Amino acid sequence: MRKIATILLLILVSAGNYSCNKYLDLKPNDGIIRDIFWQSKEQLQAATLGCYNAMEDVPSGKTPAELFFVWGELRADMISPGLGMGAEELSFVNYNILSTNTFADWRNIYRVINICNTVIDFGPNVKNIDATLSTAELNGYLAEALTVRAMMYFYLVRTFGDVPMKIKATATDADITNIAKTPKADVLKQIVADLKLAEGYAVETYNNNTFDKGRVTKYTVYAVEADVYLWLDDYANCIAAADKIINSNKFALVPGNSAWFNTVFGNGNSVEGIFELQFDQQILNPYYAMFTTSKRRYIAANNVLSDIYTIDPQKAENIDIRGIDAAVRPSDQSIYKYLGLSDDVARTQDGSYAHWIFYRYADILLLKAEACINSGRGQDALDIISQIRQRGHALSFSEESPLPDDVAGLTDYLVKERAREFAYEGKRWYDLLRNAKRNNYARMDILREAVLNSVPPSVQQSALNKLKDPNSHYLPIFYTEIQNDPLLIQNPFYK
Amino acid sequence: MRRNLYILLICAVAVCVGGIQLSWAQTTGGVLIKGRVTDKAGPLVGATVIEQDKDNRTIIGVATDIDGNFALHISDVTHKLVVSLISYETQSLTIGPKRTFEVFMKPNSRDLNEVIVKARPQVNNGSGLLIDDRDRTTSTLTLNAKDVEELQATTIDQAIQGRLPGVDIVSNSGDPGAGMSIKIRGTATINGATNPLIVLDGVPFETTVPSDFNFSTADNNQYADLLSIAPSDIKDISILKDAAATAVWGSRAANGVLIINTKRGVKGAPTISYTFKGTSTEQPGSIPLLNGDQYTTLIPEMVMNVNGLPLNMFNVKEFQFDPQDLYYYNNYTQNTDWIKAISRTGSVYDNNLSLSGGGDKARYFASVGYNTQTGTTIGTGLQRLNTRLNLDYIVSDRIRFTTYVAYAHSNTLYNYSASANGTGNGNVRGVAAIRAPNSSIYAYNEYGILTPNYFTPASDVQGQYPGTYNPVALANTALNEAVNDRITPHFSLQYNIVKGILNATGDVVFDISNGRQHRFLPQQATGRPFTETTVNQTSVSDYDSYNVSTKANLVYTPDLGDKNSFSGLVSLQSNDSKSVTQGQRSSNTASDELQDPLSPGRSNVAGALLSSTTQARSVSALINGQYKFLDRYIVNVALRGDGSSRFGSNKRYGLFPAISGRWRASGEPFMKKFSKWMDDLSFRGGYGVSGSAPRSDYLFFGKYSPSDNTYAGAPTVYPSNIQLDNLRWETLQGIDAGFNLIMFNNRLNIDFGVYRNRTKDLFSTVNLAAYNGFSSVLINAGTLDNQGYELNIISTPIRTKNIVVDFAFNIANNVNALRSVNPNYPVQSGNTNTNGSYLGLLQINNPLGSFYGYRYKGVYKDADATIARGASGNKLISPDGTPVQMRFNYPAVDYKFQPGDAMYEDVNHDGNINFQDVVYLGNSNPKFTGGFGPSITWHGNFKLQAFFNFRTGGQIVNGTEMSTTSMYGFNNQSTAVLRRWRRPGDVTDIPRALYRSGYNWLGSDRYVENGTYLRFRSITARYNFNRALAAKLKTKNLSVYFTAENLLTFTNYTGQDPEVAVRGEGINQMAIDNSTTPPLKQFTLGLSATF
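Protein sequences appear in the order of chains W and X.
Per numbering that gives the first Met the number 0, residue 0 is the first one in the first sequence, and the count goes up by one each step.
Per numbering that gives the first Met the number 0, residue 0 is the first one in the second sequence, and the count goes up by one each step.
One chain only, chain W, in its complex shape (with noise of 0.2 Å):
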C-alpha cells in the first residue's frame, strides 16, 4: 500500500517538476527551421537556386514559366486558339481580359520576387558564420538574387505598369504589410539600381556549361541591362551592355545548317544561349500539355509560314530554316519549338524539358539593331538584321530594303525580323509594345496591325477602340489582390 502511494506521489512530483517548456519545444524535420539555416555557403547556394527552381515549380497556381509565355504570346499576332483554349485565355486572344482573369495573377511571380528577398536579406549575414565563404562568392550570389528578382519586376512592369514593389523579404507575419503600387519609372529605377549592383557582384563562368547558361553570369546581368535600356529609350546604355557581350568573344550565334534546330533549342545550353531556365528529366516544362495533345491550348497562326517566313512558290525545298519544323509544324500546325528535339524528331511528354530561353545571342544583335536605329547608326542595324537573316537562310521574299535613316522602315523590318527570329519565345508581345509606345506611342499602327491580323472580325472593332487607351496595354490587377490589399487601386482601365 505504502508502496503505491509512494509511487503515485512519485508520479505526481515528476510530472510537476518536468520542465513543461522543455517538453513543449518540437521543432519540424521536414525542412530546416530559420535560426539553424543561413549558416554554411552551402545552404546559401541551395537557398539561391531555390529562385530559379520558383520559376518552374510552384505550390498552386500558374508557373512563372508558363506566364512568360501567356504574357508574351497571346495578346501578339502569331498565336490561335487550339481547341483546348479556355475562355480565359480567349479573352486575352479577344481583348476582352477582366480582373477575374487567372492569367493575371501575378502571385507566383512576387513568390520568386519574395525568396530572391529572402537571399539578399539573409544572405549576407552567412558570412559571419561560415568563414569559407569569400566575399566574392557571397556576391555572387547575392548577385544572382538581384538580378532574377530585377527580371521579374521587369515582367510585371512590362505587364502590368504600376505594381507593389516589395524589396524586403516576408518572413514572419511582423512582415506583413498593405502596400500601395508603385510608379512604373520608380519600379524601373530600382531594377536598374539591382542590375549596376549585380553587374559588379556576378561571376564571369561557373566553370561548368550548365551553371553559366542556367544561372546569373555577368552577361545575363549585361543581356537583361540591355533588354531594360531599351525599354527605357537608353539607347546608349543598351548598345554599350550589348556590346559587353559582343566583346566577350563568349558567344556566337549556331550555324544555321541541320543540327541548328537540336543546337539551340532541342539540347539547349548551346554557345548561342546566354540565360535559359533549366528544365530536365525531374521537373518538366509545362509546354507540352500547351502544344501538343489532341486538345492542345495553342496552335500557329494560319498565316505565320505564309506572311512571315514566306513561302518560295517555285522551290518548296527552300525554307528559312527558323519557320517549317521550327517554329510550326505544318502538318497540324503545332507550335513546335518546344516539342522537337530535332526538326523530324518530336519529343515524348516525359522528354518535355526544353529550356526557356530567356536571351541569346540572336537577341542581344536585335536589341543592339534596335537601338541602333533610334540612335541614328541605320546601317549599323541593317548589318546586324543581315546578319541574322544569312544565318536563319531567310528568303529573299521576306527581305527589306529601308533606307538607313528610315526610322519607320526600319522599325518594321526589324520587329518582323525578332518575329522570325523570336517566334513563341514570350518576346512578340513586348517587342510589338516597346516599338509602339516609343516617342509616345508614335507607332500606335504596329498594335493596331496586330489586333487586326489575331483579333476575330466579331470583337476586332471593340479590341481596336480599346488598344486606343494606352492603359489596355497593360493588364488588370487580379481581383483577389484588390480584395486582399485595401491600398491596392485597380489599373486605370478595368476600374
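Any given hint could turn out to be false.
Said to hold, decoys possible - Simulated crosslink set (DSS-like; lysine-lysine; CA at most 25 Å straight-line): (1) X:K675 x X:K759; (2) X:K895 x X:K234; (3) W:K26 x X:K650; (4) X:K577 x X:K266; (5) W:K467 x X:K895; (6) X:K895 x X:K262; (7) X:K39 x X:K97; (8) W:K249 x W:K195; (9) X:K97 x W:K21; (10) W:K21 x X:K800; (11) W:K188 x W:K167; (12) W:K40 x W:K126; (13) X:K926 x X:K759; (14) X:K33 x X:K79; (15) X:K942 x X:K800; (16) W:K195 x W:K165; (17) W:K494 x X:K895; (18) X:K577 x W:K26.
Since the hints were derived computationally from the structure, they do not count as laboratory data.
Nothing here was measured: the structure is a model prediction, and the numbers come from that model.
Given chain W, work out where chain X should sit, using these hints.
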C-alpha cells in the same frame, strides 16, 4: 477455471503497473488454515477461499478441490476468511484462534430474482468529478445505448445525428466509411475544425491524421474511420455544450465535447449478448439526365449558337454519325445511363458478440464485432473487425485497476480519385454525372463488333483523364484500398488515499494506429498513352501514429454534514502525439496486374518518395470545485492552465477560468405548495473561457524546405512558410443560462437554455496580397458571436398498463454575427462578372454566409425583348434614334444580350447589367434545427419508434442545378434543358445553349432556394419476446427489430439533398449543394439476444 481467470487478470494488471509488487504473493510462513466447503447437496468444487485484510484487500486465495477441501497459509489471524462461489451467498468469517472451518454455503436468492435499484444517475463531465445528474451546473445531454442501438449506425456520429438539440450533424456522403461533420452550437471557429473533442472513457481521443497521408489532405472520412468504436460497445454518449463545461477540457474543447463511455462488466454470472444487423442500402434516383440522343442534339446546337458556325464534324467525330465509320458510329451512338452503370444495391452486415460478468474482485466486458459493407457505388466497401476487453480488478476497497483494450482492423475500399478517399474532383460519381451519354461502356472495334474491353479513348471531345474517363472502367479496375489497424490500451488505477474523502486516479492511454493505403490506376481505366505517368500509376503510403495521454486526478470530497457538500479536483494532463508517414509512388509498370510500387516501372514521377514526421504535445493542469448548500445552491468553479507545443515560447501558455451555478427553486420552502405536481425546478447559469491552439504544428518557425527537384543538377531550398510570431490562442468565452422543469411525476421534462459563445482572436487563414510572397497566412482574424437557445422536451403523455407513449422534441436556434475583423482580412469574396460566382460580403454585426447576386427574370424571348427599358417600361432610345440593346458589364465586357439569353433584372434601369444590379439573395444559416419523435410501447414488448429531424430557413445555392443546366461545355446536362430556348418566340425559363460563352449562369436567385426540410429520419419496430418465450429459446432476452431510414423528405427544395454542409473558405462561406443524389435509403433487420 475461475482461478485461471483470476491469474490472467492479475497478470494483466501486473503488467500494466509494472513493478508493483503484490504482497499477497508471499505465501510462505504464517498460519495454516484448513477446511471444507459444502452445500446441502454435498461438497462444492471451485469455491474461492481468500484471506482479506480490513480494507478488503485480498492477501491470499485458493479454490476448493473436488471434495470441497481447501488449505492455505494466512499471514495474520486478525484478517477475515472470505468464501465465495457464484450463485451462493458470500461468507465472511473471522479467523481468530480457529484453524479448521466447515463452511456451509446458502444459495444466493438475489441472483435469481430481478432486483430493481433506484438511484440517481451520476454524470461525469469527463474530468473525473462525479456529480449527481440533477446537480449539474452546466448544459449536458446524454444519450443512452438503447437510443443508439436500433439505428443502423456504424459510427457514433451517425448514431447521434439529429437526436440532441444544438448538435448539427451533416453527412458528407453515403459511401462506406464516409464521415459526417459535427457542429455543436454553431460555428465557433472558422478554420475548418468544427469537430468536437471526443473523450473516450475519461481520456481525450485524438483523431488527427497526418495531413500528407497518401499524398493528399486528410478529411472527415479518416476522422470517422479513426473513431472505430462499435456502437454496441457504447454505454452512453454525453455532449457538453456550454463553455463552463468545456472549460474543464480546455484548448481542444472549444467546439464542444463528446463524452463516450464504453460498457464495463458488472458482478454476476456471465452474460452473452449477440446482436445482428443486416441492412440494404439503396441509391435513390438521381436527377434525370439527358440520354445519348438528346445529348447529341444539344451539343452541335450549343456550338453553333456561339457564332453561327457549325461544329466541325471532321475534328469532332463523336457527333458525326457516319455509318461508314463503324468505330465512331457504334461507340458514340449509345444511350448509356452512366449513373445506373456504376450503382448497385449496397449492404451492411454487422455481427457483434459480447461477454460480460464478474465477481467481487474482477469484472469483465469483452466483445468482438465484424462489420462488412458494400457501397452503392461499384468498387466501394468496408470490412471491419473490432475487439474490446474492459477489465476491472478490485484489489481492495482502496485500490482498483481498470484496463480497456480495444483493437480494430479495418479495410476500406474507395473509388480511385485525386483525393485519397475517392471523393473530390474527378470522383467516379461526379464523372458519371457529366459523362457523354452517347458513348459506350464497352468498345466496338473498327468492324463495329462489340468487344469485352472498356471503351476508354485517350481523349475525346470532353477532354481526358482526370476531367473525364470511363467511370465504369475506373470503378471496376482501379484500386484504392486503405487498411488500418488501431490499438488503444488504456490503464487506470484508482486509489483511495483517505477512504471516501481523498481519491486519486491515474490514467495512461496509448493509441497506436497504423494505416496503409494502396492505390493503383490501370491504363484501361484512363486510356492514356504509356508515355504518361498517370498510366499504371501505383502508390503506397503508410502512416504510424503514436499517441500517449496521461491524466492524474486527485478528488477531495470531505464530509461536511448534511447541509453542505463539496467536491474538489486537481488534475494534471498531458498529451504527446507523433506520426510518421512515408510513401512510394511509381508509374508505367509493365502490366495492369503489377500493382505494387516495387514492380519495375518509372520511378522518377512527382512525389516518388515521401516521408514526414510531426509531433505535438500539450500539458494542462485543472483545479475544479463544486460546492452545494442545502441541496439548493450549487456553485462550480474551475481554472485551467494549458500549454501547447504549437505556439512559440512567448505565447505558449493560456489560463482559462470558468464558473457556473445552479439554484434548485423547487427545494425552497415557499415552493412546497407546488410539490404535488412539480418534481424539480432549477435554474442554472455559467460563464467559461476555453482556448484553442492552431491545428498545425511548427507554425512559429520559419521553415526552409527542400524542393522536389534540383535546379541544373544542384539541390534547392525555398522558404515554405511565414513564421508566425504574433499568433495568439483563440479563446471562446461562453455565457449560458437555463432551467430544468420536471413535472407530473417525471412525465414531463423540460430543459431550456440560452447561450452566447464569443470566439475572440478567431483563427482564420487569410489570403494575402501576393507581393508578400505567400498566398495565405493564419491570423487571429476577429471576433465571432454565436448565440441562441435550445429547448428539449421529453414527455410521457400516456402511461397505462398496456400502452406507454413517449414523445421527445428538441429545437435549437443559433445565430452568428461577426463583431470585429482584422483590417488585413478581405471583406469580399467572389465576383459577379463571371458565371457561377456569388458575391460574399462581410459586414460587422451581420451573420456570416450572406451572399449577393442578380435577380433572374427568365429568358429574352425575342429580339424585341432584348431592348433596354426604363423604369416606366418605355424602350430606351439612343441619340441616333436606334433602340438601345441590353448589355452586360459595359464598358469592360460590353456583351449585348441576344434572344434566348438569360434575363437579369436591371435594377437601376440603365440598360446595363453590372455590379449595380447585384442584390442580397440570402444567407446560409438555418433558423431552427431540431428533431422530434414518438415512441409507443405496447404491452411492454412491442415498441414502435419514429424520428424526424428538420431545419428551417437558410438559403442554399443549388450548385447541381447550376452545373446541370448551364449548357456551357460538353458535360451531360439534366433533362430540364430539353425546354431550353431554341427559336425566337419561345417562352421558357431555361436560356439557350452557348458553348463557353455568354452570361447565362451568373450567380442569381435562379439557383437560390430555401433549405427548409422535414426528414422522416427513421422508423423502428421492435419486438421483445416475453421472458417465457425467450427462455424456451434458451435466451434471457430476445428481440428483433426492423428499421427504415431516410424514407421521406418534405421540402420545397428542388435539389437532391437540402441537408448541405456549409462549404467555403474562412469567413466567406455559403451552403452550396453539389450533390447529385439524395441520401441513401436504408432498411435494416436486426436481432439481439442475451444468453
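Here is how each hint holds up against the structure:
| no. | hint | verdict |
| --- | --- | --- |
| 1 | X:K675 x X:K759 | violated, 47 Å |
| 2 | X:K895 x X:K234 | violated, 67 Å |
| 3 | W:K26 x X:K650 | holds, 16 Å |
| 4 | X:K577 x X:K266 | violated, 39 Å |
| 5 | W:K467 x X:K895 | holds, 21 Å |
| 6 | X:K895 x X:K262 | violated, 70 Å |
| 7 | X:K39 x X:K97 | holds, 23 Å |
| 8 | W:K249 x W:K195 | holds, 21 Å |
| 9 | X:K97 x W:K21 | violated, 61 Å |
| 10 | W:K21 x X:K800 | violated, 66 Å |
| 11 | W:K188 x W:K167 | holds, 17 Å |
| 12 | W:K40 x W:K126 | holds, 8 Å |
| 13 | X:K926 x X:K759 | holds, 24 Å |
| 14 | X:K33 x X:K79 | holds, 14 Å |
| 15 | X:K942 x X:K800 | holds, 14 Å |
| 16 | W:K195 x W:K165 | holds, 19 Å |
| 17 | W:K494 x X:K895 | holds, 20 Å |
| 18 | X:K577 x W:K26 | holds, 12 Å |
Of the numbered hints listed earlier, those contradicted by the structure are 1, 2, 4, 6, 9 and 10.
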